[in-house]
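Read off the chains here:
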Amino acid sequence: MIKFLSLLFFLVSNSIFPVLEIEILKGSDNLSKVAFVPFGIESGIEENYGSQISKNIEKNMLLFGEFENLAVNEMLSYPSSENDFYYRDWKVLGVDYSLIGKVNSVNALGNLNISYSLFNINRRIKILEGEIVGSEDNIEGISKIISNRIYEEITGLRGIFDTKIAYVINSDADTYQMCISDIDGKNEQILFTSKAPIMSPDWSPDRKKIAYVSFENGLAEIFIQDLQSGERDSIQALGMTNSAPVWSPDGKSLALVVSFSGNPDIFLYSMNNKRLMRLTNHYGIDTEPSWSPDSKKIIFTSDRSGSPQLYEINTKSKRKKRLTRDGNYNARGRYFPDGKSIFFVHGNDGNFQIATKKLSSRYIETLTSTSLDESPTISPNGNIIIYATKDGSNGYLGGITLDGKSRFSLPVKSGSVREPAWSPLLN
Amino acid sequence: MNKALTSLNTFFLILLFLSLIFSMFSVPNLNIDEAQSIKINFYELIQQDEKLFDSSAPNTSVEKETKKTSAINKKTNTDETSIISKFKINKLGIKNEITKIKLSKEREDILRVSAIIQERISSIWIKPNSLSESLIAKVLINLAPSGEILNFSLIEPSSNTSFNESILTAMNKMTFFEEVLSLERKLFEQNFRNFNLVFKSSGEIQ
Amino acid sequence: MEPIGIFILAMICQVYSCAANVSDSVERMQYASVAGEEYLQGDRLETNLDDKVYFDFDKSILDAEDKSLLEQYLPEIKKAKIVRLEGHCDERGTREYNLALGERRALEVRDFLIVKGVSGKKIRVVSFGEEKPLKSASNEKAWAENRRVEISLY
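Residue numbers (this note's numbering), protein chains in the order written: chain S, 1 to 427; chain G, 1001 to 1206; chain H, 2001 to 2154.
Excised from the complex, chain S in its bound form (with noise of 0.2 Å):
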């Protein structure tokens, strides 16, 4: 009976009584701390490789902020299996993850295996185990590989190290350079050198091509080029001013803009039959086009409205729909990967600065404190915004996460650096 009348009151208890309810929605301004630990290695391999590679996944992780690191000499162990690893070991040093990972010899001709094991220390677990094999000469790949899935692993959003960035150099002023190197800076290489001023590049979405604007023959001029012949074709029989070019996310055509007779208008380009589809008609200028990740709608710029705002235009129905009213300058806008959001230029009291909306919302949050800030371009994760912008006379490129929490600027070249366009993933 007592126990019955228990459990009763157990039950009843528990549906009646309101529970306090405590809502968490700020979280800590701090980074995850993760432990590179330099992998282990098998008898009669090159000493150095195994603290090249976690060295070179350390240098990924922390290449735009995101995380903090344990510096190698503070670690307590230095353990390259997991039999050798011990949760406190990293927890009394407030580490959040640790990489360990082991390199073996697969034969003669050089190819290596590494095993690496991610362990989220707070939580007591493994999550992740991995092996990848490679050769000697591909560490830089490996390492890429393998930032890959632990960052992955840690923050559930895509990888990017493996992603490249294209960008054009104006080294003094009679030089331009059109250039493309990996993400972290390294592997320069330059397209296509000019006396005259080069603009707007953009990433077929195959990774294959670039197009972009060159004044080489005295006006505005679309060209496209193969990135691996080197080839340059220009898109001729348009207007007077052609600039401003996008691929679609098929890579079918490009949008871009035409100026006939200097009045600046959005047109769609068909890659396969050479055919201009006019999309925008209008005496004001329209330009700086942008495709949705659906495809279905193209933002631009426009001022009709007798400043530069950003409307967006259904490419089936033509339908526009004014994005932007507060301010006097919202300009060249993007739709973030999920295609809920924008990022654009927002002018604001003679700063222009990096900022983003949500379409769902009126609201405009500026995210760079810099007051010359343009071309921003996104991660194909969606998670950080690299912009150009000026100290001085020379132009360099910056970066910030979305959540505000890094702010870092890219190495810096000889002369100045603009117009970054961060390349698609390799799918």
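Read the hints as simulated data drawn from the structure, not as lab findings. Wrong hints could be hidden among the right ones.
Derived DEER-like restraints, expressed as beta-carbon distance ranges [to be verified]:
hint, chain 1, residue 1, chain 2, residue 2, range
1, H, Leu2134, S, Lys274, 35 to 41 Å
2, G, Ser1159, S, Arg322, 29 to 35 Å
3, S, Glu68, G, Ile1136, 24 to 30 Å
4, H, Ser2136, S, Glu82, 56 to 62 Å
Treat the numbers as computed from the prediction; the structure is a model and nothing was measured. All C-beta atoms in this analysis are idealised placements derived from N, C-alpha and C, irrespective of residue type, glycine included.
Position chains G and H relative to chain S; hints supplied.
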């Protein structure tokens, strides 16, 4: 005999039910967002109490002062007796006022401890970036009276694995909520023996 | 007669482009001449006049001073084969928008000259947006100098 027992049982049950329902009203249901909104809640509570006093007692400014400083405590003590003498006209009224004061004190205590717990979790929860997804996950926590976390479980996970993981990681960093030691035992049992943490992702780009 | 020619050309072009698909060959021929660089081979005609008109930020309106300068150009233009108008902007704002704005500034000058009787066929218009600033500093003075249309005669 059996019949009598069952009827007694029913009687007890009804009594139990009534007491439970009654106790339900006495436990405030709190929904706290951020440290800031807690402050507002405090403010509202104080305002409310003042209003209550206003309606029944003419001299209420004293009550405010007792809440504010100790410097004027002496003065208020003497004033208090004068209030009570005024209240004597209505004994029931005094009783009501006392329960109200007690209740508001309890509320304040609960809010204070909740705010500290909220702050402590916020300071260690490394929230993953999820720009447009609005996610909610609920964690049930069992505390010992010492404040030690006996157990926690993700009773309502969100649809996003890394969001859930980040919460579990944060919860694993916590071992004690020693703040509850400052609470009366009854308050602890009613509110903090078992309580929920509701983690929300929205609000990154507002 | 010639301005009307240009106008008709522009109209044809509009009509073509309004149709869903614009076939390319026609435009190529028409605009090849407009964009052509043949004048660069000729010698530049020197004048004693200031070769620049200036604009306000995000504006392409000519003020009285600009107009009187352009009127002084008219006799010089009569002697020239080609009038080249090069539109520029300051570094503020976005590059592609500035490219369009520079073009609009140059067209504003062109339209003024046409109204004053200059043959549209003589005029070459090009915009460099913010790509070729005169001054690389980032201050009001440098910006004011960079917002310009440069006039050159050949």
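Taking the hints in turn, this is what the structure says about them:
1. Leu2134/H x Lys274/S: 35 to 41 Å: Holds, at about 38 Å.
2. Ser1159/G x Arg322/S: 29 to 35 Å: Roughly 33 Å apart at Cβ, these two residues keep to the hinted range, so it holds.
3. Glu68/S x Ile1136/G: 24 to 30 Å: Holds: the Cβ-Cβ distance is about 28 Å, inside 24 to 30 Å.
4. Ser2136/H x Glu82/S: 56 to 62 Å: For Ser2136/H and Glu82/S the Cβ distance comes to about 58 Å; the hint holds.
When the structure is compared with the earlier hints, no violation turns up for any of them.
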